[in-house]
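K.L.:
Protein chains in written order, with full-length UniProt numbering: chain A, 1 to 240; chain B, 1 to 240.
You may find that some hints are simply not true.
Intra- or inter-copy, both count: the list cannot distinguish identical chains.
[To be verified] With a Cα cut of at most 27 angstroms, we get these calculated DSS-like pairs of lysine-lysine:
1) 7 to 106
2) 162 to 103
3) 48 to 158
4) 7 to 48
5) 224 to 162
6) 106 to 48
7) 224 to 106
8) 7 to 224
9) 158 to 7
10) 224 to 158
11) 7 to 103
12) 7 to 165
13) 7 to 162
14) 224 to 103
15) 165 to 106
16) 89 to 158
17) 165 to 48
Treat the hints as calculated values from the structure; they're not laboratory data.
2 protein chains.
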Amino acid sequence: MSEHTNKQFSAELELTRSSFLQMGGLVEAMVQEAMEALVTGELGLVDKVRERERDVNRLEVEIDERIGLLIARNQPAAVDLRLLLSVSKMLTDMERCGDEAEKIAKMARRLHEAESRYIPAVELRHISNHVVAMIRDVLDAFARDDAVHAATVVRNDKEVDKEWKAALRHLITYMMEDPRTISRSIDLIFIARSLERIGDHAKNMAERVIYMVHGDDVRHTGVKATERIARGESPDDIDA
Amino acid sequence: MSEHTNKQFSAELELTRSSFLQMGGLVEAMVQEAMEALVTGELGLVDKVRERERDVNRLEVEIDERIGLLIARNQPAAVDLRLLLSVSKMLTDMERCGDEAEKIAKMARRLHEAESRYIPAVELRHISNHVVAMIRDVLDAFARDDAVHAATVVRNDKEVDKEWKAALRHLITYMMEDPRTISRSIDLIFIARSLERIGDHAKNMAERVIYMVHGDDVRHTGVKATERIARGESPDDIDA
């Protein structure tokens, strides 16, 4: 590669990174706005989420196209190739987080248009804060090539799963006590489920960051082995 | 590339294709077996699904590793690169179909262990047949580089969405009429939701097959434009 090509390639890699971070920032905002719409009933936010969704879709396609071109033209190897392949996978998860945020926003509209008396859904706010933090953490870990920080996201997903199960139990109890709330509670269950899925996607992205940094595939290895690999240790070391 | 390297590369590409088809075959079986367990209560199938899930995970990691090596070593371009990038994305969707099948199998166990009297859930069987056919179609389309066939999967996903919404309405009515069925019905709603997601993943994979064949990204373009692109026409042609 000539020095010129090399410089241009580095610039293109940086652009790929920064575009993905931009896309991630939009998705983070979408989740927050969708939940804000749900809690406050401010339905202008629903339109905002839907607008952002179009930007996210556009970025997904653009970034993927650039990745294909960069691999074809510049024939990257090792860490550069891992960056590009990782972003290509993370794009999919990020876009689906955006889809889930859009579903939440639509559900918020339906719930608020259907009735004035409304469940404040405090518990969901809690899961929501949790998964928004996970998206932010995975973006930070990606921006700083920080595998250890990425591993915390993998661990946090376990917490979100617990919170989701607790919210589900609570909503089922609520429906049983007052069957008139069934329809509304089902909507809330789907919102909780969407949040849980966003946590899952954040975990998937975190696993890709670890792959990007170390070249090890930590999908299906369990949290403890993931944390060891993220620290650069052997996955089979005895726990300290 | 020397003739030898070239031959070896072609063989590796074929192996990548056939491994993905093998993985797809496992996932197709998992969905069928999970639903069979649900409908018949034959819980040995649940263990079978969980075993297959491990094979699917192993294949996911192996195929992805081979793709990374092939891109780094052989620096493929054009259609070969599109094949590898497409399979890399499809792997994720396929593995998640397997996850959904495993969730269904676990739910089947819980439902059958909890009570003897049981809802036959005929409607779910219908959605299930539909999404299994979609997985099979997308594998066929992939094996034969058939973009037009892939586009039928994208269209079929609309049908699955309708069936899912109908099943949901039915189950909500059921709960309202007899609140004692709430807990069980929620489980069935999640099974229906898993099936709907499998349909979604099949659609995503079908879009990747079209990209592989034509090099056009049809995510977010709508069904009609997708069908035109799959036929090799301009996306903006007037409908015949």
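K.L.:
All hints, please: hold or fail.
P.N.:
Comparing the hints with the structure gives:
no., hint, in the structure
1, 7 to 106, "neither (45 angstroms within a copy, 52 angstroms between copies)"
2, 162 to 103, "both (22 angstroms within a copy, 16 angstroms between copies)"
3, 48 to 158, "between (31 angstroms within a copy, 26 angstroms between copies)"
4, 7 to 48, "neither (38 angstroms within a copy, 53 angstroms between copies)"
5, 224 to 162, "within (18 angstroms within a copy, 42 angstroms between copies)"
6, 106 to 48, "within (11 angstroms within a copy, 38 angstroms between copies)"
7, 224 to 106, "between (38 angstroms within a copy, 24 angstroms between copies)"
8, 7 to 224, "neither (39 angstroms within a copy, 42 angstroms between copies)"
9, 158 to 7, "neither (42 angstroms within a copy, 46 angstroms between copies)"
10, 224 to 158, "within (12 angstroms within a copy, 41 angstroms between copies)"
11, 7 to 103, "neither (42 angstroms within a copy, 48 angstroms between copies)"
12, 7 to 165, "neither (50 angstroms within a copy, 52 angstroms between copies)"
13, 7 to 162, "neither (47 angstroms within a copy, 51 angstroms between copies)"
14, 224 to 103, "between (33 angstroms within a copy, 23 angstroms between copies)"
15, 165 to 106, "both (23 angstroms within a copy, 15 angstroms between copies)"
16, 89 to 158, "both (22 angstroms within a copy, 25 angstroms between copies)"
17, 165 to 48, "between (30 angstroms within a copy, 26 angstroms between copies)"
Violated hints, in rising order: 1, 4, 8, 9, 11, 12 and 13; the structure is consistent with all others.
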